[in-house]
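Novice: As a plain string of letters, each chain reads:
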Amino acid sequence: MSFEEFFQTLLLILLRGFLNTFVLSVGGFSLGLFLGTLIAFVQVFIGGVYSKVIDYVNKTIRSIPPILMLFIVFYGLKLNNIASAIIGLGIISFSYQSQIFRGIIEAIAARQLEAALSIGLDRWKSFRYIILPQVIVLSIPALLNEFTILLKDSSIAYAIGVVEMFTVSINIANARMEYVIPLASVAILYLIICYTISFVSNLIHKRIGSLGYGAPL
Amino acid sequence: MISELLDIFSKYGIDLVLAFILTLELTFLSFSIGFVGGIIIAVLRSSIAKPFRSLLTLFIEIVRGTPMIVQLFFVYYTLPVLGIKLDSFTASLIALGLNSAAYQSEYLRTAINSIPREQWEAAYSLGLSSFSTVINVVIPQALRIAIPSLTNELIYLLKFSSIAYFVALPELIYTAKWIASKTFAYMQIYIVIALFYTAVSMILSEIVTRIEKKVSIPGLTIKVS
Amino acid sequence: MNVLLKAINIHKYFGKQHVLKGVDLEVEEGKTVVIIGPSGSGKSTLLRCLNLLIKPDKGTILFNGMDITRGKINIHRVRQEIGFVFQSYNLFTHLTAIDNVMLGLVKVKKMDKSMARKIAEEALISVGITEDLWKKYPAQLSGGQQQRVAIARAIAMSPKLLLLDEPTSALDPELTVEVLNVLEKLSEKKMTMIIVTHELGFAMRVADEVIFMEDGRIVEKGPPERILLAPEKERTKIFVSKLMELYRIDRRYK
Chain X
1 MSFEEFFQTL LLILLRGFLN TFVLSVGGFS LGLFLGTLIA FVQVFIGGVY SKVIDYVNKT
61 IRSIPPILML FIVFYGLKLN NIASAIIGLG IISFSYQSQI FRGIIEAIAA RQLEAALSIG
121 LDRWKSFRYI ILPQVIVLSI PALLNEFTIL LKDSSIAYAI GVVEMFTVSI NIANARMEYV
181 IPLASVAILY LIICYTISFV SNLIHKRIGS LGYGAPL
Chain U
1 MISELLDIFS KYGIDLVLAF ILTLELTFLS FSIGFVGGII IAVLRSSIAK PFRSLLTLFI
61 EIVRGTPMIV QLFFVYYTLP VLGIKLDSFT ASLIALGLNS AAYQSEYLRT AINSIPREQW
121 EAAYSLGLSS FSTVINVVIP QALRIAIPSL TNELIYLLKF SSIAYFVALP ELIYTAKWIA
181 SKTFAYMQIY IVIALFYTAV SMILSEIVTR IEKKVSIPGL TIKVS
Chain Z
1 MNVLLKAINI HKYFGKQHVL KGVDLEVEEG KTVVIIGPSG SGKSTLLRCL NLLIKPDKGT
61 ILFNGMDITR GKINIHRVRQ EIGFVFQSYN LFTHLTAIDN VMLGLVKVKK MDKSMARKIA
121 EEALISVGIT EDLWKKYPAQ LSGGQQQRVA IARAIAMSPK LLLLDEPTSA LDPELTVEVL
181 NVLEKLSEKK MTMIIVTHEL GFAMRVADEV IFMEDGRIVE KGPPERILLA PEKERTKIFV
241 SKLMELYRID RRYK
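Residue numbers (full-length UniProt numbering), protein chains in the order written: chain X, 1 to 217; chain U, 1 to 225; chain Z, 1 to 254.
There could be a bad hint or two in this list.
[Unchecked claim] Simulated crosslink set (DSSO-like; lysine-lysine; CA at most 27 Å straight-line):
(1) U:K177 <-> X:K78
(2) Z:K16 <-> X:K206
(3) Z:K189 <-> Z:K221
(4) U:K213 <-> X:K59
The set of hints was computed from the structure by calculation and includes no laboratory data.
This one's a predicted model, so the numbers in the text were calculated from it and none came from an experiment.
From just these sequences and the hints, can you work out the full model?
Specialist: Have a look at this one:
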């Protein structure tokens, strides 16, 4: 078990698998972002019975094991495996992201909206220039956290045959009949990526704090 | 479609029930391991010497930074190198348990940090040692504050007990897939199982809420997690 | 008379801030000492140094002749003999009143539960907390009741010295009286006490010595009649007259 061998395996996994890991994570996250913001809007600004229904749907989505979600999309909608993975991960993500946005909007909307309206901005402008920018900035740490979760969950796509980092590491392990190095390598890769993201997230969080926003939302 | 489903359940009902029991076992046992482990880690981290503390922190960071499936495969496939051969259930239990211990120790740590310094001061003023203070004053309060996070953890474990699918443990997902591949009724079975997980989650949530009410102490506010 | 506590040249820094600038203090057994002074003068810090909740950076503290600032001392044993009552009561939120009082007895003094319970009950009754309140949680008690339970908790340990940090500052006026009465009773029973407070009337009536602290130093100390009614130092005069104005206390108190 030499260092060279180790490093070689790491690089191999990175080269063969990172692209799909990236595609799955970013794809799923974007889907979640798009739907999540939409849902958050509906819940905060329309509310009522729609909000309640959405709450139930969210609860359901969050009770389903990720593997099952992928299976349902893959076998149910009969799409190819990457698309199914992106959609499956995206669905799970949007249920969490919608709550992140909802929480932040509810926390700042009321008072900021009042202030904006009182200087003469109409609802749409208040929204676009005052509330939206703040929501975006404030939600970044939570979203980065959500992204790391998605990144880790992307490994589940192994179950439907997507060749992402984890799958590559297992293929290598099976070929070499040796599990320690490939698993350790892929673990380190995930660690590096996640750690980098959370480091950036902390920096941003501190910056947000210094802008005058208080305790973490 | 309903008749088709009923057909399937009459044929494979027993397998599903056994699978469900396995899933529950895995969930509760790993939660318990995580709970005990979490307390031990949290207590150790606030009392022992620096080098050991850093080791524990390293462990937690590794668990938090890698996918659960990687952790499971590590336990299942690499421990044999050291001579320990594990069956799927034990391996899953260990992997889930360690994972849960890491997360639960963090939830506890947050809860402990939210307890005002004055409680510590009052305990010290009576002559309690730091260990005694942690056991008698801090932990009883921290546990109650941590209940919402712990509930989430339980539900999370219920979901991720499905990870045992990858080491061929006949829990719910594995069994469902097996039945689906035999009957070709993929969608129906998966949707039913999905609804089933939802129902179980809701029941568990409700049970925890009841327990929470029973152990709540007036004045000990539950912080939003 | 036996000197119970002697603090010599206590210095404390919080970062760059020099909070205690060489404080000397002596308390005889059975006496009640009251410390007054503006906020930020270091009174609370000084008090916390006396039971080593805060470690002084320089200086010595002799408790009953024993130097407790030396590292080798078992501070937990020492703290059993020094009681502390906090401004914000600091009752253990998760325990009932009686359990709060019993905790120290059971876990520190290792008494068996029945003995501890008896002592706890006596302590609670002596501070005026009746049986119907024993099983209540702190959140269910009024401020005055909580503080009295805190006092019971401290005295149940039979300390030789009782330290109180602005025990009534967080209380409404009506509740302040009930706590001050308890403290007065304790003083009559010759409990050695050091109390930081703004209650000048109480100091006048109960204190054996009043110490005025400002800016990390003791400015003046002496019997209450002198310090409160005819202080020598200018700064003492200014502070005392401001407080008297605030509380509108007649110069000739009775």
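Novice: Take the hints in turn and mark each one as holding or not.
Specialist: We went through each hint and held it up to the structure:
The suggested pairing of K177 of chain U with K78 of chain X holds, with an alpha-carbon distance near 16 Å, which does not exceed 27 Å. At roughly 25 Å between alpha-carbon atoms, K16 of chain Z and K206 of chain X fall within 27 Å of each other, so this suggested pair holds. A threshold of 27 Å between alpha carbons decides the hint, and for K189 of chain Z with K221 of chain Z the separation of about 24 Å falls inside it, so the pair holds. Of the supplied pair hints, the one linking K213 of chain U and K59 of chain X holds, its CA atoms being roughly 22 Å apart against a limit of 27 Å.
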